[in-house]
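All chains, full assembly: derive it from the sequences and hints.
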Amino acid sequence: MSRKRSFNSSVAQPTSAQDEMPRYANVLCCVCGASMVPNQSNMCVNCMKGEVDITEGISKQAVVNYCRECNRYQRPPWVPCEPESRELLGICLKKIKGLNKVKLVDANFIWQAPTSKRMKVKLTVQKEVMNGAIMQQSMIVDFIVAWQQCDDCKRTYTPHTWNASVQVRQKTDHKRTFFYLEQLILKHDAHEKVVGIKRTPDGLDFHFGHRSHAQKFSEFVLSQVPSRVKQSKHLISHDSHNTTYNYKYTTLIDMCPVCKDDVVFLPKALKNKLGGVNPIQVVTKVSSQIRLVDPLTGKVSDLAGIEYWKNPFDPLLTRRHLVEFTVLNVEEDTGPARASAFNRRGQKTYTMVDLELMRTQGSGEAAAGDPEIITVRSHLGGVLQPGDLCAGYDLRTVNVSGIDEEMLEKTNLDVIIVKKTYTRHRQRKRPWILRRLERDDAGEESNDGDYEQFMRDIEEDKDLRQEINLFRDPAWKEPAAEHVQTADEEDEGDENEAPEVDLAELLDGLTLNDKGTAADAADEGHQDDDELRLPNAATGLHFCKGSSIVSAPFLPAMHDAQQLPFAELTQVTAVPTNAPPTTTLVPSEQKIVDDPEEVDTEEHNDDPSSLSEPLGMGRAKMVHLDLDLAVDFESTRLVGRVDITCVPNTAGPCELVLDTRDLQIRQVYLVTAHPPIIPGASAPYILQELPFELEEDRKDSVFGTPLRITLPPTCLAGQQLFVRVVYATSSDSSALQFLTKEQTSGGKYPFLFSQCEAIHARAMVPLQDGCNCKVTYSARVRAPTELFCLMSAIRQTSAGHRCQPPHDFGISTTPPEFSGLWSAHTFRQDVAIPPYLIAIVCGELAGRRLGPRSTVWAEPSVVDEAQWEFEETEKILSTAEELCGPYRFGVYDLFVVPPSFPYGGMENPCLTFVTPTLLAGDRSQVDVIAHEIAHSWSGNLVTNRKGMTCFIERKIVECCFGEERGALRAESGWQALRQCVERIGPDHNFTCLVPDLSNGVDPDDSFSTVPYEKGASLLWYLQELVGGDEVFQPFVRKYFNAFAGSTVTTQQFANFFMQEFKNKITQQPDWKKLFYSPGMPEYKPPYDPKPVEEAKALAVKWEGAAHNGVIPESSGVRDWPSAKKCIMLNTLISDGRFEDGRYASEVVKKMNDAYGFLDTNCEVRCDFIQLALSSGWEEAKQEAVKLVTEQGRMKFTRTLYRSLAEVDPELARKTFEEHKLFYHPICRKMVQKDIGLDSDSDE
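At position 186 of the sequence shown the residue is numbered 186 (UniProt numbering), and the sequence of numbers has no breaks.
Simulated from the structure, these hints should not be mistaken for laboratory data.
Please read these numbers as outputs of a predicted model, since none were measured by experiment.
We treat Cβ as the ideally placed atom computed from N, Cα and C, and that holds for glycine.
Any given hint could be a false lead.
[As the list claims (entries may be wrong)] Restraint ranges, calculated between C-beta atoms of paired labels, are given here: (1) Gln664 <-> Val145: 48 to 58 Å; (2) Cys32 <-> Leu615: 47 to 57 Å; (3) Trp147 <-> Asn26: 52 to 62 Å.
[To be verified] Calculated lysine to any residue pairs in the SDA-like style (CA-CA distance at most 25 Å, straight line): (4) Lys1229 <-> Asp1208; (5) Lys699 <-> Pro1225; (6) Lys117 <-> Gln149; (7) Lys1220 <-> Thr1189.
Now the structure itself:
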């Protein structure tokens, strides 16, 4: 086998790495006769330089445009760059013509005087020359810096050049809200397209050059503060000859006048909507929703912005009414009557106390004479101590109008305390400063008092500091260490001294440009000595060498281990160039740190449900997919190709093994220059056929057939290879469901959607279908132009663009309902996800906006209903961000799948699938949306067990919809877990939190509520063990941040937990028992039992009625939440005594007459029909048939088929045979097993 070596035009000194290279006998150069190391050309370096110039054709000079006003360079567009920065280097490289003819190895700037209008870049390039030898040569390219004014700066010099304006207004007597909004704008770079800012008496005007920029800015403001919008346009000019109009657009954003620490009086409609809370509330936070706390009970409520504007209200008392008090005594109320009033997420958020206060004068000194001592209740028990100062509203001395005085007297509120205050004996220079927006009318601030108060709020509120950026003041100097504190200073340094901002929270200076981040600054200051930076800006690869991150371009033909030591690379990760900086956590050794002998170590290299073995020796692992597919409705298949970016883990002979199931593999190629398929970014490439084998002898009905592809023997460890597989799915793929036009609500066109969980992705794409193989992907999907396509990725265009029919894929005909025209839809997913989250939809779709990040998609006949049902999606998503950290997938869209969808929801990133059974008409089923949103962190971002999802979902439900709904949801889950364990068997492997799925177990068989509810129980137990929500929730955020983009095993989670809390807990968790013991968990999550006990009490009455025929009272039950009704029904089902009653069949009919269970949503209907079937009510059989044939959700379908098979097996089999083609293949397979039919009965 020939060996290619590299020749450098400069003589390099021997290194230790070179000394270890094998030695060769020298030969003589065929031209000059000099002694040399042998190579393919038999020429020495000097002679080869005389014969070949690989830099020929590369431009030696180029021009770069620079705007002096804003320090930006034209790429295009205009971008800010620091001198000799990586961004500027990328711009320069794009200006060099002919660079694509060689391979770029290195590039760097040569220093020039700052005043010179020139830049020099030294390039090192490689190219294959005589007889396959690789020659390396350096060259210098001159760049002339041409001064040119950018478009934005041109507008600033010309008045009235803006095209759109956003007017932000708030009707308050202070400007603190605008200071806060200003910091949010700066942190998120929302002002990037602003051409001018003007201050007005009641707000700010932002001017933009384009209307789209103003719309994007408006959406940002609306996502931060509850606001309402009015839009208008003014005609500037009109050309009657060509009917063109020139408008100026104005958007008015009216922010709600309610601010933090205000006291409000809720309208009756809002009071009832929040569960009948006290009308007087204290505002504790204003973000996308308004957080309220009851000063009498401590109960927390969240009011969505859209709900506020339906019933707007002004603040009753604002900060200008605040009075300072001194705390004399604090008595905490520990009585049981108050205990549940302030429970939130299972823990105390606010502690109700009785305070003895005395009004103060001046700066904290008590009033003279005989001061009045006031006793009040307050929710700040965990904050205030005797001797502290606090601020509140004295309702006895404030004239409040516009409220019901009689109701105010009933509340018995004389003083409302809202916050703790601090003494400020001396003005200290702050070590931090804030960035400010540049205004057109910059000058003296007219509201210095408001700005100072905003600075104090930042010092006192840690949560506020986390939402904005604080910068270190370059002029601040740390006090000398030898300073001796005087007696006066010691007296002043009491506990009430105002808090200071920790220096660790500050970012380094204001030298960052508009695009700079703290992460960028950290990267620049901590570059490892071993770090090798290669400047090809078009790539998205980061090579991890040890602990350093090495940026490198695509190197498809790199064979010289001496130039780039690939053998030392320990991990290769595909990262998009435009992705935010992330931290890669290398997991510690896989053993639990407290007692490694107690828990067996899991095997992390292989997924037992995958045949691909991506981490085995001599294997390659996929890191990215490029899909090019066409939807063939004629043959109900997907046809196309997938370009797999893979990385071998060893040098030399290597194989790429992929999972497939019922795929037709046509060709396999090696792509030597990878072509992106996003339109406009194509590149030339060469295809080389690769040998492959579908191992039919290893074919398995569950796991499919492995596809073994032999890679070139010259590949290196860590080198990226691009493998193209041309294939087609089968017409009965388990991942796809094609619906005929008669099966859709519109009845005009056929429909396609996918479902790849748990291991069905291999039936749609040849890939490594394991959770340990997370990938990014891009895709182009071609479909008839009458249809619209969606995927679990970001759409690159708002609609499909016309394209040629996919004749290259063998599709020559289309169904007669289509015109024969085709459109292409492009997508990109830059966050690594497990393969089961790849999803596709193609059909007649309509979309409706739900918020700045969300759209609901559905068939046109149901999309309006879906928009109303899921209107609170943004509120749920924002709550999840507060609990878990920022949402990283960009958009969160919903797709209402046709009724045959087998699950309640599927958490596909960027496009969550939801069943139409959630469209109950009363928003009673939106808890499922909270569950799927929780998956955006647990499952999608960090792939792990299901328990974390259920744990987060419960907290989201409590925060968004109240503690009662959270308690009902928790009890429903616990009942479902008990029923599931009883059905499967308390000793069965599937009831373990970590079941054994080896030995050919089908993951679909193990799917149940066990991992969700049992995992949630474990996390509630751990939360209580470490000290509550305030301690555990920061750990959850840290966990998601540390493991973002990776797959985490139970052992890794346990290790991470013990590293955080090993020295902080008194009791060590028994991990072996928690993970591997079957049956019900010992710990039941805490919740308020009152609403649950009421439902169970009614169940006891109906159980008695089944035996004695006495029907209980029915008032009020129809208005119960669905979860409460289900608890009552499941209590009767679980106890098993109702069905034995003499009057059971008669009583169950009267129960439906009283409560109308069969007229409610599918959750209640399913539970009631299940109870009715067991009690012998004959009409229940037809109700069961009706429900299982109008939807295909397995939660209902499997349950009712099992129940129906117990009382009438013939009817169950007959119903299934008649409607089996309606069900999704996954549901069809599982129902066949449930009712005892052979799997081939559908052939």
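Hints, one by one, checked against the model:
With their beta carbons about 57 Å apart, Gln664 and Val145 fall inside the hinted range of 48 to 58 Å. The hinted range of 47 to 57 Å is satisfied by Cys32 and Leu615, whose Cβ atoms lie roughly 50 Å apart. At about 55 Å, the CB distance of Trp147 to Asn26 agrees with the hint of 52 to 62 Å. With a CA separation close to 20 Å, the supplied pair Lys1229 and Asp1208 stays within the 25 Å bound.
With a C-alpha separation of about 19 Å, the suggested pair Lys699 and Pro1225 falls inside the 25 Å cut-off, and the hint holds. At most 25 Å may separate the alpha-carbon atoms for a hinted pair to count; Lys117 and Gln149 meet this at roughly 15 Å. A threshold of 25 Å between alpha carbons decides the hint, and for Lys1220 with Thr1189 the separation of about 9 Å falls inside it, so the pair holds.
The structure meets every hint from the earlier list without exception.
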